[in-house]
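These protein sequences, in sequence, are chains E and H. With the working numbering applied, the first sequence covers 53 to 353. With the working numbering applied, the second sequence covers 53 to 353.
Hints in this document: simulated from the structure, not taken from any laboratory. It cannot be assumed that every hint is accurate.
Identical copies look the same in the list; a pair holds intra-copy or inter-copy alike.
Unchecked claim - Keeping only pairs whose Cα atoms sit at most 25 Å apart, straight-line, the calculated SDA-like set for lysine to any residue is:
(1) K204 to I105
(2) K157 to V168
(3) K104 to L160
(4) K292 to D134
(5) K147 to N159
(6) K255 to N312
(7) K191 to L102
(8) K154 to L297
(9) K309 to T333
(10) K255 to I338
(11) K288 to R231
(12) K292 to S129
(13) K290 to I270
(14) K314 to C79
(15) K314 to N176
(16) K167 to F155
(17) K132 to G68
(18) K66 to I100
(19) K66 to K350
(20) K104 to L69
(21) K132 to K290
(22) K349 to R96
(23) K314 to H182
(24) K99 to G68
(25) K350 to V67
(26) K204 to E232
Number of protein chains: 2
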Amino acid sequence: MKVTVLGSQGAIPKVGLFSTSLILNVCNSYVLIDCCEGVQHQLRKNKIKLSKIEIILISHAHGDHYFGLIGLISTLSLLKRDKKLTVFCPLSVFKIIQAHLKFSKMNLSYELDLKVLNNNNKINIFNNNHFSIEAFPLKHSIYTNGFLIKEKEKKRKLILQKALDNNIDKIYFNKLTKRENVINNNGIKINYLDVTKEGDKAKAFAYCSDTAYFDELINNIKGVDLLYCETTFLKKDKDKATLTLHSTTIDAATLAKKGNVKRLLIGHFSSRYDDYNDFITEVATIFKNVIISEEGKKIEV
Amino acid sequence: MKVTVLGSQGAIPKVGLFSTSLILNVCNSYVLIDCCEGVQHQLRKNKIKLSKIEIILISHAHGDHYFGLIGLISTLSLLKRDKKLTVFCPLSVFKIIQAHLKFSKMNLSYELDLKVLNNNNKINIFNNNHFSIEAFPLKHSIYTNGFLIKEKEKKRKLILQKALDNNIDKIYFNKLTKRENVINNNGIKINYLDVTKEGDKAKAFAYCSDTAYFDELINNIKGVDLLYCETTFLKKDKDKATLTLHSTTIDAATLAKKGNVKRLLIGHFSSRYDDYNDFITEVATIFKNVIISEEGKKIEV
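I would like the entire structure built from these sequences, with the hints used as guidance.
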């Protein structure tokens, strides 16, 4: 699982910087989370093939999180995409995209599956053999979801010498890694545990933007390998965060600590700040393992 | 009058480049023509203050010409603009912007005056003391307008020594430059022509994107100091231009020549081309005074 940061800024991007978006490579599927204006430019700049995107998640209908969606939808069609694109978004964004398609008479080359999110609790929204996605409500000025992307239990690793010693035909090796017992060439049942070892750990990534801190959130992000949590404000601007239902450095650090996550990625910085070291310093007073959003940064989860 | 090119590309922008937009500084008013995705970034990169934009003209509802409009409208509000912004656009773009404002619950800090264009002939859409704007239909796959921005006749220049020799009080100098006759200190009527000389020439700029060539267009751009005409295709791709109702190099050059314009600015290049010298070469076989769109290029009209 790998995250690439496409935008680091809040609602008003600084010159040359972009609002919040990131893309997750999970088991070779690309999941794009939020689409700032210019996200298609950022994807190309970071050499991510637009055609590889399978799923887009839109947290809420504030422009810095969705203005780039229609441009990407349009460009994929101009590039003659033929495979389905699935977008999970609030009803408001659904209606806006429908308006673009209708009034600009856009005929897409591919199936656009716009799925409306209206959950008030954590729900599973996607599942395949390799990973799942859950959406959970955040606490913001309009309806907003966070997302939890979890890899499924990975294959075990074959201990080749043990498999050979046990006289197992190689056609059964794959079954063994999938936790199935097999019969060897001597007709004896072999337990997969005897010839395999634990595989790579299944990873989990959670995304929380935009939101005020609230205790119920902890359960939804508990123990993830990487938590993205917005830090629009430094702690001196707590009043602004409270007013606009955003998080401060302290809020994000508290969430990471109480959620017992491995690492914390922060971003969605207000344009009032120039020095992002202050963000690191403040978070680190509570939670040490913090990473700052910088455009183009790649993070192995 | 000065034009700054903000985007040079057609519908699919190349990495690091933007679709069609340009901004015109006319008598210290800023008129933005078409809004590609990321136009707010391009404006800032080119050090044009967003607050100075007074009028936006949208030619048609293809995404490469309007996807950046909502981002700019939103950012101006976040920056707490308080003066009116006037946008001229087709009904389709009007409805799309209305959908954004409604469904994302955007409350703007300023008056957004969205004016719908549905003219089928050339009409005047704006007038002030310094310049006028006319819209005229182009020939494209959806309803599209071109625009003609003309400075009004400029003040004459005072010949100071002659004014003094004629014993004219300096409080009348301004009147003289505005072509009014005055009475001098000896009670004698002075003709403004005797103490002033011709002022700067009033300039005109015409914008044609996107369009196929058609003869009736010539009258609408006749004699302008600078004509922007799209050249999506080289002449070898004439069939594609015909199919999609775009112009080739030859079409734009023919329009410039028949319209007897001073200079021609070309752009909106298809992403299939890498070498833009071919565009210059082909246009120059018919019309010599050609300028290529490069992002950030400033052209004194």
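Consistency of the hints with the structure:
1. K204 to I105: For K204 and I105, only the intra-copy Cα distance (20 Å) is at most 25 Å; the inter-copy one is 52 Å.
2. K157 to V168: both (22 Å within a copy, 18 Å between copies)
3. K104 to L160: For K104 and L160, the Cα distance is within 25 Å only inside one copy (17 Å; across copies 37 Å).
4. K292 to D134: Between copies only: 22 Å across chains, 45 Å inside a chain, cut-off 25 Å.
5. K147 to N159: This pair counts as both: shortest intra-copy Cα distance 17 Å, inter-copy 18 Å.
6. K255 to N312: within (14 Å within a copy, 67 Å between copies)
7. K191 to L102: neither (31 Å within a copy, 32 Å between copies)
8. K154 to L297: between (33 Å within a copy, 21 Å between copies)
9. K309 to T333: within (15 Å within a copy, 64 Å between copies)
10. K255 to I338: within (24 Å within a copy, 63 Å between copies)
11. K288 to R231: neither (53 Å within a copy, 61 Å between copies)
12. K292 to S129: Only across copies: K292 and S129 sit 18 Å apart there, 41 Å inside one copy, limit 25 Å.
13. K290 to I270: Cα proximity of K290 and I270: one copy only (20 Å, versus 61 Å across).
14. K314 to C79: within (20 Å within a copy, 58 Å between copies)
15. K314 to N176: within (23 Å within a copy, 63 Å between copies)
16. K167 to F155: Close inside one copy (20 Å) and across copies (16 Å); limit 25 Å.
17. K132 to G68: between (29 Å within a copy, 21 Å between copies)
18. K66 to I100: both (23 Å within a copy, 14 Å between copies)
19. K66 to K350: both (21 Å within a copy, 23 Å between copies)
20. K104 to L69: Answer is both: 24 Å inside a copy and 22 Å across each meet the 25 Å cutoff.
21. K132 to K290: Classified as between; 21 Å across copies, 47 Å inside a copy.
22. K349 to R96: Answer is both: 14 Å inside a copy and 24 Å across each meet the 25 Å cutoff.
23. K314 to H182: within (21 Å within a copy, 63 Å between copies)
24. K99 to G68: both (18 Å within a copy, 12 Å between copies)
25. K350 to V67: both (22 Å within a copy, 19 Å between copies)
26. K204 to E232: So K204 and E232 pass the 25 Å test inside one copy only (17 Å; across, 84 Å).
Violated hints, in rising order: 7 and 11; the structure is consistent with all others.
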